[in-house]
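**Student:** First to last, the sequence lines map onto chains A and B. Take 8 as the starting number for the first sequence in this note's numbering and just add one per residue. Take 16 as the starting number for the second sequence in this note's numbering and just add one per residue.
Read the hints as simulated data drawn from the structure, not as lab findings.
Straight-line distance between alpha carbons at most 20 Å, and here's what the computed SDA-like set of lysine to any residue pairs gives:
{"hint": "1", "chain 1": "B", "residue 1": "K28", "chain 2": "B", "residue 2": "A273"}
{"hint": "2", "chain 1": "A", "residue 1": "K136", "chain 2": "B", "residue 2": "G196"}
{"hint": "3", "chain 1": "A", "residue 1": "K180", "chain 2": "A", "residue 2": "L124"}
{"hint": "4", "chain 1": "A", "residue 1": "K180", "chain 2": "B", "residue 2": "R193"}
{"hint": "5", "chain 1": "A", "residue 1": "K136", "chain 2": "B", "residue 2": "L205"}
Simulated restraints on C-beta separations:
{"hint": "6", "chain 1": "B", "residue 1": "Q182", "chain 2": "A", "residue 2": "S189", "range": "21 to 27 Å"}
{"hint": "7", "chain 1": "A", "residue 1": "L87", "chain 2": "B", "residue 2": "V200", "range": "20 to 26 Å"}
{"hint": "8", "chain 1": "A", "residue 1": "G148", "chain 2": "B", "residue 2": "V200", "range": "31 to 37 Å"}
{"hint": "9", "chain 1": "B", "residue 1": "I216", "chain 2": "A", "residue 2": "L92", "range": "35 to 41 Å"}
{"hint": "10", "chain 1": "B", "residue 1": "G124", "chain 2": "A", "residue 2": "N76", "range": "23 to 29 Å"}
{"hint": "11", "chain 1": "A", "residue 1": "E145", "chain 2": "B", "residue 2": "A139", "range": "57 to 63 Å"}
{"hint": "12", "chain 1": "B", "residue 1": "A129", "chain 2": "A", "residue 2": "S40", "range": "40 to 46 Å"}
{"hint": "13", "chain 1": "B", "residue 1": "T201", "chain 2": "A", "residue 2": "Q198", "range": "30 to 36 Å"}
{"hint": "14", "chain 1": "A", "residue 1": "R209", "chain 2": "B", "residue 2": "R132", "range": "53 to 59 Å"}
{"hint": "15", "chain 1": "B", "residue 1": "A136", "chain 2": "A", "residue 2": "S162", "range": "47 to 53 Å"}
{"hint": "16", "chain 1": "A", "residue 1": "S189", "chain 2": "B", "residue 2": "A212", "range": "29 to 35 Å"}
{"hint": "17", "chain 1": "B", "residue 1": "L102", "chain 2": "A", "residue 2": "S162", "range": "40 to 46 Å"}
{"hint": "18", "chain 1": "B", "residue 1": "L236", "chain 2": "A", "residue 2": "P89", "range": "52 to 58 Å"}
Covered stretches of chain A, going by a simulated chain B footprint (3 or more residues, C-beta under 8 Å):
{"hint": "19", "segment": "96–108"}
{"hint": "20", "segment": "121–135"}
Since the model is a prediction, treat every value here as computed from it, not as a measurement. Backbone N, C-alpha and C fix where the C-beta goes; we use that ideal spot for every residue, glycine too.
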Amino acid sequence: MSGNRAPLVEVIGLSRRYALPGGRNLQALDNVSLSVAPGEILGIVGESGCGKSTLARIVMALDRPTSGNVLLEGDDLFALSPRELARRRRNFQMIFQDPYGSLDPRMSVARIIAEPLRLLPERLSRAEKAKRVAAMLEDVGLRAEDGARFPHEFSGGQRQRIAIARALITRPKLVVADEATSALDLTVQAQILRLLRDLRARHGLTMLFISHNLGVIEEIADRVGVMQAGRLLEIGPTAAVMENPREEYTRRLLAAEPTLDFLEQPA
Amino acid sequence: MRAGMMRWLRDNKALAAGLVITVSIVVLALLSLFWVPMSPTKMNIAQKLKGPLENGFSSGLLGKDHFGRDIASMLMVGARYSLTVALASVAIGAMIGTALGVTAAARPGFTGAALGRLNDAIFALPPILSAIMLGALMGPGTTTAILAIGTFMIPVFARVTRGAAMQVRARDYILAARMAGEGEVTITLLHVIPNIASQIIVQVAIQLAMAILTEAGLSFLGLGTPPPAPSWGRMLADSQTYLLKAPHMALAPGLAIALAVLGFNLLGDGLSRLIDPRRRIER
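Isolated chain B, as found in the complex:
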């Protein structure tokens, strides 16, 4: 049992590392609902710009920012917003994108082509740009960020699922389902989606990384969750002025973003290796 687990870990290093990183971030984010080391919004000018543990535990594990707020606590609460935006936008993208993708695969004629062009049109708009436009329309905020990133995710999922669904649809069990009198909707729900679910899950993990990065970019520009709620992107933006005096202010959120992106990418990569036997062999 133990030897088996060790071997699994060795064969799936990326997946194991990805799991450890992402689970830790999720746990820290959830923990912040009940407990943080210090209040993430309480200012303490006496402690401002203090480095990690510079004044002992009173200056916090990761130091203080320019208002003397505790950076470790801000990161924990910020993770909550990052993850919320990432999960919500990927959920939007995955659901609408998959629906469009499997529809396009089921109707390869005019409908499929039209959906393909629509995808290209959405894909041509960078998420930052659509967030600025959406922000002008409805004001910056969490919802704006979710909608902007979610819209950007739709064509990503539509493409992946369309390709995968077309492969599944070429199999004889789809013909057998037609022989059993099943319509296109039933075939899609019963045969196509279960057989492309693994590819969708892999894509979800990879796109979560993409969404976290984009969310940080949006809040860096002031288009994300508004203050006083802490966010990784804005912490990074605030740090610029103090880069030489207090580099920990930039390093902490910067590393948090990098780690989260790395974690979800490793997870996605590990899952796709686990699922795709061709990728399992080459290593």
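For reference, chain A alone in the conformation it holds in the complex:
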């Protein structure tokens, strides 16, 4: 999939250190390099605290790295002026983990989805905004009339569809999904994964899909990167990594996938 096209996103030697109280440091990211080709879904897997969410936040320019660069279409995000960065934000959007915390409970669904439209260079008329929001709602499997309702009237899966609609309304080139299905139950997870695959087929989305769940990654990712303690251990085509992991840690991660008999063992 990566082939000979220029990568959409390049992450080069990314490190992020957080100062902890007591003068200690937390190395959340340690010299991570990777690239994502246009139209590709790159999965990032690892246990909690391995730095995958930090990676997502930095690629989305919500946080700054201690060192290293993120290039989007060849431009270094952290070398851009704040104004220029804001202008580029329509090209990269994010889907969050918690569909209950990521939608403002005081806003109608239509206003939530329309929020990123202010990133577009042209001023849209009210009618034009409403039209785009309605089309987007139908794109993610909701009804256009749902825009008038409020987030609390929807189930977790429906809320995540709203969050996806918001992330896609500016037709971004890159979408980062940070544990986008982890808060949902299994059947709903499958529906959301199907929707994302579907949307990629229709709009040619490029995604960085972050999850602790190998099963989900296997479902959706073309390639997968395995992270541990801030470092990227290995990266490769999903099937190859799953069937023939090079790293000991990846093997242990694969073996640790929970099954039901795990629950039957005495604690």
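Following the hints, position chain B against chain A.
**Tutor:** Chain B in isolation, oriented as in the chain A frame:
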């Protein structure tokens, strides 16, 4: 419909009682603009210190004071001043305090810490003391009382809104707003304030009670609205000399103050129960 309303009343007793009390006081205060039983400033020495209905209706529903003025009418007009001072000072406190609180939450670094210390400094001055200082500067009066109480309210609102705003700011929809290119001011106006509005409203009700009590204290000390305008605090102060001879002179304004404070406290408590689902369960 009717059964639903009865159930609502049973589940929200505090709120219902608070509403009844506060609305009655507001109505009486507004009514005094157009009509009072007798003039609250007209003296009638023949009737002085007469108890409630002692001489029939000519001695008034709540009796007469030491100048023979009608206590019921004085309470009605006094309610107007109490409410005016309370509303104005809480408005000052709520607006400036909320502005400071949400700013401190938006700038957690040096600015936030500096605002926090400033709050502590203001909070350290009791409102009575700042009213005495302000009174020395600009003379006692309604404005002095409003400014003194209002200043005292600023840190109260700043603290409540800062805490609430920090909670809201931890939610992912704030990150989503940043992804949509919104700046801190837009985020505060569009996302933070609407989501903390309920807490602000509850605090307004509770602080109105506090303000009425403080205003009564200030006019008791002669720092409130100057005579001849009647005020609850001064009526209480005037009653001291006649406590044994005419206890109704102390009871009437005393109960009025207690009732108003109770009413706004019940309102605040009821509203916070209504808004906070965790408090709705425990009862």
